[in-house]
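Residue numbers (my numbering): 21 to 239.
No lab work stands behind these hints, which were simulated from the structure alone.
Certain hints may be false.
Unchecked claim - As a list, the in silico DSSO-like pairs of lysine-lysine whose alpha-carbon atoms are at most 30 Å apart: (1) K149 <-> K226; (2) K197 <-> K169; (3) K234 <-> K169; (4) K226 <-> K238; (5) K197 <-> K234; (6) K197 <-> K238; (7) K169 <-> K238; (8) K226 <-> K197.
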Amino acid sequence: MWIKICGIRDAETARMVADQGASALGLNFYEPSPRCISVETAQEIQYAVAEREIALVGLFVNHSLDTIEAICSAVAFDLLQLHGDESPEFLAELSRNLPYLPLIRAFRVRETDLSSITAYLSECDRCGKRPDYLLIDAYSPEAFGGTGKVAPWAVIQNHYQFDTWPPLILAGGLTAKNVAEAIQAVQPYGVDTASGVETAPGIKNKELVASFVKQSEKA
Numbered sequence: 021m022w023i024k025i026c027g028i029r030d031a032e033t034a035r036m037v038a039d040q041g042a043s044a045l046g047l048n049f050y051e052p053s054p055r056c057i058s059v060e061t062a063q064e065i066q067y068a069v070a071e072r073e074i075a076l077v078g079l080f081v082n083h084s085l086d087t088i089e090a091i092c093s094a095v096a097f098d099l100l101q102l103h104g105d106e107s108p109e110f111l112a113e114l115s116r117n118l119p120y121l122p123l124i125r126a127f128r129v130r131e132t133d134l135s136s137i138t139a140y141l142s143e144c145d146r147c148g149k150r151p152d153y154l155l156i157d158a159y160s161p162e163a164f165g166g167t168g169k170v171a172p173w174a175v176i177q178n179h180y181q182f183d184t185w186p187p188l189i190l191a192g193g194l195t196a197k198n199v200a201e202a203i204q205a206v207q208p209y210g211v212d213t214a215s216g217v218e219t220a221p222g223i224k225n226k227e228l229v230a231s232f233v234k235q236s237e238k239a
């Protein structure tokens with residue numbers, strides 16, 4: 021199970037999360053988020069975990085291509101996550117400019133049939149580039165993620181086209197208490213949490229991280 025802990029804000033937390041066995045760290049560059057960090061902090065995190073086997077994911081929300089490319093020139097990411105309203109055309113151009121970086125496209129789901137994802141992937145096919153992974157988060161009108169709201173597992177289970185769509189990363193209100201149930205219900209490729217391992221926005225807790233990783237691996 022691929023396990024991403026998102027919203028890492030400092031090098032010490034990055035080392036702690038890596039030591040608990042997580043697969044990836046999410047570094048957030050969306051300024052309105054309480055988990056947003058600077059490029060300088062991202063570089064410190066990169067150096068802090070350089071000797072550890074953990075992936076760095078750069079998270080962007082409606083940033084420009086130039087901004088994403090500039091940050092990627094300063095930080096050695098392993099994947100990029102687009103968590104806003106980025107179009108298939110934007111995704112295709114980003115992939116052409118940064119072909120070595122796999123792309124995660126996040127969707128905040130509120131419908132009952134995942135029709136928005138079907139339409140998006142159809143347009144991606146027209147543009148010649150699908151996301152390498154899809155992430156499904158809970159919808160909230162207040163924020164682009166990290167709200168603690170639970171995604172609609174039953175909708176995903178019934179309508180996600182696992183055979184033909186990119187691998188699924190499940191997010192949305194996941195904690196150590198519900199992640200095993202979520203994995204058993206949805207059968208995703210990976211899981212992603214931010215608020216589910218925090219004592220306050222952006223403040224990760226070692227025990228919560230360790231428990232989340234353990235429960236994810238047990239499922």
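Status of the hints after comparison with the structure:
| no. | hint | verdict |
| --- | --- | --- |
| 1 | K149 <-> K226 | violated (38 Å) |
| 2 | K197 <-> K169 | holds (14 Å) |
| 3 | K234 <-> K169 | holds (22 Å) |
| 4 | K226 <-> K238 | holds (18 Å) |
| 5 | K197 <-> K234 | holds (11 Å) |
| 6 | K197 <-> K238 | holds (12 Å) |
| 7 | K169 <-> K238 | holds (23 Å) |
| 8 | K226 <-> K197 | holds (15 Å) |
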